[in-house]
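**Q** In case you want the letters, here they are:
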Amino acid sequence: MRVRGLLAASVAMLALPAWGADKAAVVATYADIAQAGYEDSLATAKRLGAQVDALIAEPSAEALQAAKAAWLQARVPYQQTEAFRFGNAIVDDWEGKVNAWPLDEGLIDYVDAAYGGATDENPYAVLNVIANPKLTLSGGEVDATEITPALLGGTLQEADAIESNVATGYHAIEFLLWGQDLNGTGPGAGARPWTDFARGTDCTHENCDRRAAYLKAATGLLVSDLAWMAGQWAEGGDARKAVADDPDAGVVAILTGMGSLSYGEQAGERMRLGLMLHDPEEEHDCFSDNTYNSHFYDGIGVRNVYLGHYVRVDGSVVEGPSVSELVAAADPAVDADLKAALDHSLIALGQIKTVGEAGTAYDQLLASDNAAGEALLMNAIDGLIAQTRSIERAVSALSLDAIAFEGSDSLDNPDAVFQ
Amino acid sequence: MRRALVLLPAVVALAAAAAPLPRTAEEAARVMAVTAPATDFTAAERFESRPGGAATVQKRLDANAFSYPSANMSFERELDFKVGNGFFRKLWVSAPSSTTSSDGLGPLYNARGCQNCHLKDGRAHPPERTDDPAAGMLLRLSVPAQPGDIRPGIAAIQDYLGTLPDPVYGGQLQDFSIAGIPAEGRMQVSYGEEPVTLGDGTIVSLRRPSYAAVDLAYGPMARDVMLSSRVAPQMIGLGLLEAVPEADILALADPDDADGDGISGRANTVWSEADGKAMLGRFGWKAGQPTIREQSAAAFSGDIGISTAVHPDGWGECSAAQAACRAAPRGGEPEAEGTVMDLVTFYSRNLAVPARRDVDSADVLHGKRVFYEAGCTGCHNPKFVTARLADQPEQSFQLIWPYTDLLLHDMGEGLADHRPEARATGSEWRTPPLWGIGLTGTVTGRESFLHDGRARSLTEAVLWHGGEAQASRDRFAGLSAEDRDALVKFLESL
Chain A
1 MRVRGLLAAS
11 VAMLALPAWG
21 ADKAAVVATY
31 ADIAQAGYED
41 SLATAKRLGA
51 QVDALIAEPS
61 AEALQAAKAA
71 WLQARVPYQQ
81 TEAFRFGNAI
91 VDDWEGKVNA
101 WPLDEGLIDY
111 VDAAYGGATD
121 ENPYAVLNVI
131 ANPKLTLSGG
141 EVDATEITPA
151 LLGGTLQEAD
161 AIESNVATGY
171 HAIEFLLWGQ
181 DLNGTGPGAG
191 ARPWTDFARG
201 TDCTHENCDR
211 RAAYLKAATG
221 LLVSDLAWMA
231 GQWAEGGDAR
241 KAVADDPDAG
251 VVAILTGMGS
261 LSYGEQAGER
271 MRLGLMLHDP
281 EEEHDCFSDN
291 TYNSHFYDGI
301 GVRNVYLGHY
311 VRVDGSVVEG
321 PSVSELVAAA
331 DPAVDADLKA
341 ALDHSLIALG
351 QIKTVGEAGT
361 AYDQLLASDN
371 AAGEALLMNA
381 IDGLIAQTRS
391 IERAVSALSL
401 DAIAFEGSDS
411 LDNPDAVFQ
Chain B
1 MRRALVLLPA
11 VVALAAAAAP
21 LPRTAEEAAR
31 VMAVTAPATD
41 FTAAERFESR
51 PGGAATVQKR
61 LDANAFSYPS
71 ANMSFERELD
81 FKVGNGFFRK
91 LWVSAPSSTT
101 SSDGLGPLYN
111 ARGCQNCHLK
121 DGRAHPPERT
131 DDPAAGMLLR
141 LSVPAQPGDI
151 RPGIAAIQDY
161 LGTLPDPVYG
171 GQLQDFSIAG
181 IPAEGRMQVS
191 YGEEPVTLGD
201 GTIVSLRRPS
211 YAAVDLAYGP
221 MARDVMLSSR
231 VAPQMIGLGL
241 LEAVPEADIL
251 ALADPDDADG
261 DGISGRANTV
271 WSEADGKAML
281 GRFGWKAGQP
291 TIREQSAAAF
301 SGDIGISTAV
311 HPDGWGECSA
321 AQAACRAAPR
331 GGEPEAEGTV
341 MDLVTFYSRN
351 LAVPARRDVD
361 SADVLHGKRV
371 FYEAGCTGCH
381 NPKFVTARLA
391 DQPEQSFQLI
401 WPYTDLLLHD
411 MGEGLADHRP
421 EARATGSEWR
431 TPPLWGIGLT
441 GTVTGRESFL
451 HDGRARSLTE
461 AVLWHGGEAQ
471 ASRDRFAGLS
481 AEDRDALVKF
491 LESL
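Here the protein sequences come in this chain order: A and B.
No gaps in the numbering here: position 60 of the first sequence is 60 in the numbering used here, and each next residue is one more.
No gaps in the numbering here: position 25 of the second sequence is 25 in the numbering used here, and each next residue is one more.
Simulated from the structure, these hints should not be mistaken for lab results.
Treat the hints loosely; a few may be bogus.
Unchecked claim - A partial selection of chain B residues facing chain A, derived with a Cβ cut-off under 8 Å:
{"hint": "1", "residue": "81"}
{"hint": "2", "residue": "82"}
{"hint": "3", "residue": "83"}
{"hint": "4", "residue": "115"}
{"hint": "5", "residue": "230"}
{"hint": "6", "residue": "363"}
As the list claims (entries may be wrong) - Here are the computed distance ranges between Cβ atoms for each label pair:
{"hint": "7", "chain 1": "B", "residue 1": "182", "chain 2": "A", "residue 2": "206", "range": "49 to 57 Å"}
{"hint": "8", "chain 1": "A", "residue 1": "396", "chain 2": "B", "residue 2": "62", "range": "25 to 33 Å"}
{"hint": "9", "chain 1": "B", "residue 1": "159", "chain 2": "A", "residue 2": "372", "range": "54 to 62 Å"}
{"hint": "10", "chain 1": "B", "residue 1": "145", "chain 2": "A", "residue 2": "389", "range": "26 to 34 Å"}
{"hint": "11", "chain 1": "B", "residue 1": "457", "chain 2": "A", "residue 2": "206", "range": "43 to 51 Å"}
Each residue gets a CB set at the ideal place from its N, CA and C atoms; glycine is no exception.
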């Protein structure tokens with residue numbers, strides 16, 4: 001079953017009249033949760049921005065720590081919004097600006113000598129924008145005297161079509177706050193000294209003013225990108241309209257987002273690959289060692305959209321009619337199975353978080369000689385796979401298979417593909 | 001040597017290569033009917049908007065347009081696609097390292113990861129300036145072989161043009177290396193501009209490249225060395241091309257031009273290292289590789305210096321004359337396990353072809369007619385139907401529109417590299433597929449075509465055609481501006 005998004009599908013002919021109204025209410029809840037989630041992400045990113053300003057105004061160990069704490073808080077609502085990414089093209093197309101990883105951090109700032117030299121096939125892997133006000137990029141001179149959001153987002157991001165040239169978003173900011181994690185699969189995260197932002201002779205690793213400017217520009221860009229996305233889900237926004245105008249397709253978007261995030265993205269690319277490689281570079285939040293939270297809140301986000309229930313960062317709740325109720329009306333056993341599978345995954349992800357908070361970070365679990373770590377991660381991967389199978393059954397229970405499989409062509413014209 | 005790689009069982013069996021199921025007479029008749037050339041150019045053909053059949057992807061056309069899985073892929077297999085993508089993007093590091101299973105890079109290499117050359121799963125382009133690193137582009141090297149130098153199985157292939165790697169530099173020039181081992185040198189390209197005047201007086205400037213291997217660190221190359229420059233090709237639709245029945249490709253071959261249309265078309269026959277037998281060549285600019293898996297293994301070894309079961313030498317492309325390189329630390333044996341190869345192969349097989357745009361527009365249909373009338377379809381064969389493959393549902397029995405015959409054609413002196421490869425002569429090239437060609441700029445940020453990326457526009461690319469394609473090229477050059485623009489519009493819609 002493929003439930004990847006083809007949202008423009010004209011699927012009215014498959015709508016089941018008895019559920020028509022319910023579906024509209026379900027997608028309205030979904031859009032409300034999205035709006036609240038991006039608004040929460042925006043609010044916490046603004047708090048991060050304020051701490052960054054404070055750090056730049058008065059650099060100190062405490063100010064750096066406060067900025068890091070704000071970044072960690074900002075990840076909590078954002079990771080929950082990842083459930084909206086795959087079902088909605090408008091989110092998926094935008095997502096790389098705010099959450100792209102892994103990155104060649106040498107593009108941004110100084111790196112350890114072991115990182116690799118300048119004579120690499122990604123000529124920008126050690127471009128070090130912070131140290132170089134004049135850059136040569138794609139055969140042209142780039143004036144980087146002023147580090148601006150436009151420079152980061154327009155010029156440096158994915159420079160020369162190389163995906164690891166990540167100049168913007170949470171992970172670029174994470175690198176600027178924590179620095180490289182040079183501990184491999186041993187204990188410890190990145191340990192950037194606060195003096196990397198100090199003024200005058202206290203400045204370490206040079207160019208502290210440009211490092212501060214980069215951090216400020218990247219944080220500002222994150223805030224404006226999140227504001228834009230919150231607007232897309234507000235009343236009259238395009239993302240809300242896309243699901244509201246076609247509730248059938250909207251329900252597909254909900255399940256698509258749940259399934260694709262759980263399965264290919266989280267279980268596959270973010271977890272199984274790293275485990276196969278035993279490679280700490282494959283850790284999602286690799287500078288801060290916050291990966292256990294990223295994975296956990298992805299899991300929470302999937303459950304939020306299924307149950308139509310989101311607890312905001314201030315503790316208030318956004319809730320309404322849910323796709324769970326739709327599935328229960330069609331087949332209560334399928335709904336119960338899926339709820340149990342979601343809970344099971346969350347417990348498994350919660351165990352990784354528990355271990356992380358107790359001092360054993362995700363990258364330590366990846367070590368090749370850590371059998372217990374491997375078992376812990378595999379348990380979560382298996383849970384996510386099982387959950388995805390339950391999502392497929394929910395798609396079948398709602399008779400959405402045909403929509404999920406293909407776009408409008410195949411429905412309007414069943415012979416659109418020769419087989 | 002570290003290597004405690006505990007590979008997890010693949011969720012789905014990926015690499016099994018079951019034989020294609022035979023076609024029934026009824027299917028053969030359907031295939032014949034549906035692959036007949038177009039005759040009506042007033043409307044789009046049925047199914048034409050989906051060049052990859054049911055695997056065609058309909059997504060927004062941005063830089064990620066070539067990076068989606070086959071649209072008909074099951075959820076179950078999507079995880080493997082994603083993990084395969086992780087390996088495709090993976091940057092390998094030199095051994096020994098803390099990143100255990102990612103080590104084994106080089107010692108000599110052209111790139112640290114697949115995606116660094118196959119930009120966004122699209123094609124690479126030449127360096128912008130003479131001294132820029134040749135990201136995504138390399139020089140292949142060989143010397144003519146003497147009779148007796150070639151293994152008997154290979155020598156038995158009819159018309160095989162035996163070559164050997166350069167005795168010191170091997171089969172290609174690696175312009176990067178791990179610490180402590182000198183890189184071999186670098187490719188240098190310079191261009192001369194040559195104006196071409198079209199029938200209506202329009203002047204188009206073609207840039208003619210010349211290549212040199214410079215800064216050579218291991219002494220001179222062989223006196224009779226042959227160089228061939230190549231850019232990394234785009235990755236979409238490869239599994240569908242692999243699934244085209246061999247008989248359907250051979251049916252298009254006309255080695256002696258028996259039909260007198262000036263177009264021969266020869267199949268390359270290459271030695272499969274994996275299967276130990278001669279096979280039809282399908283992949284690479286001269287169809288020098290028989291399967292996606294073998295192409296990937298060759299690229300792992302030659303381009304990244306990563307060993308696989310097919311190319312087990314941990315030193316990659318280091319020759320016996322490069323002793324320090326051969327003695328450098330290695331990763332595991334092999335450095336990329338069978339499971340890694342399975343996943344990379346599965347990923348490479350399933351990068352989806354995007355849906356076409358504007359198939360119904362008057363300009364595009366006009367251009368399609370011109371394309372047919374100019375004889376382009378003589379090599380750029382519009383359609384095939386893939387074999388029924390029980391274990392590859394994504395590729396099984398799909399009507400596809402790749403615009404290639406997968407055969408070798410003499411393209412004339414202008415494009416010749418004078419370096420044979422298996423049965424391909426120094427002026428023969430495999431017809432490249434045209435699907436997705438109109439999205440090249442969208443995906444990679446640059447228009448760049450032909451085996452060495454010399455053409456900066458589709459018009460330039462057509463004008464470089466010679467040899468068997470000379471007549472079509474001349475037709476194109478003589479077209480009115482309106483016809484020419486329509487033809488380009490058609491290509492851009494692919």
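**Q** The structure should be examined with respect to each hint, and the outcome stated for every one.
**A** These are the hints, each one checked on the structure:
Because the closest C-beta pair between residue 81 of chain B and chain A is about 7 Å apart, less than 8 Å, the hint holds. At its closest, the beta carbon of residue 82 of chain B sits 4 Å from a beta carbon of chain A; the interface hint therefore holds under the 8 Å criterion. For the restraint placing residue 83 of chain B at the interface with chain A, the shortest Cβ-Cβ distance is roughly 5 Å, inside the 8 Å limit, so the hint holds. For the restraint placing residue 115 of chain B at the interface with chain A, the shortest Cβ-Cβ distance is roughly 6 Å, inside the 8 Å limit, so the hint holds.
Of the supplied interface hints, the one on residue 230 of chain B is violated, with its beta-carbon coming no nearer than about 15 Å to a beta-carbon of chain A, more than 8 Å. For residue 363 of chain B, the suggested interface contact is broken, since its CB lies about 22 Å from the closest CB of chain A, more than 8 Å. Distance hint for residue 182 of chain B and residue 206 of chain A: a CB-CB separation of about 31 Å, inconsistent with the stated range 49 to 57 Å. Restraint check, residue 396 of chain A to residue 62 of chain B: a C-beta distance of roughly 32 Å satisfies the suggested window 25 to 33 Å.
Separated by about 60 Å at the C-beta atoms, residue 159 of chain B and residue 372 of chain A satisfy the suggested range of 54 to 62 Å. Taking the beta carbon of each, residue 145 of chain B and residue 389 of chain A are about 55 Å apart, not inside 26 to 34 Å as hinted. Checking the proposed 43 to 51 Å range against residue 457 of chain B and residue 206 of chain A shows it holds: the Cβ atoms sit about 44 Å from each other.
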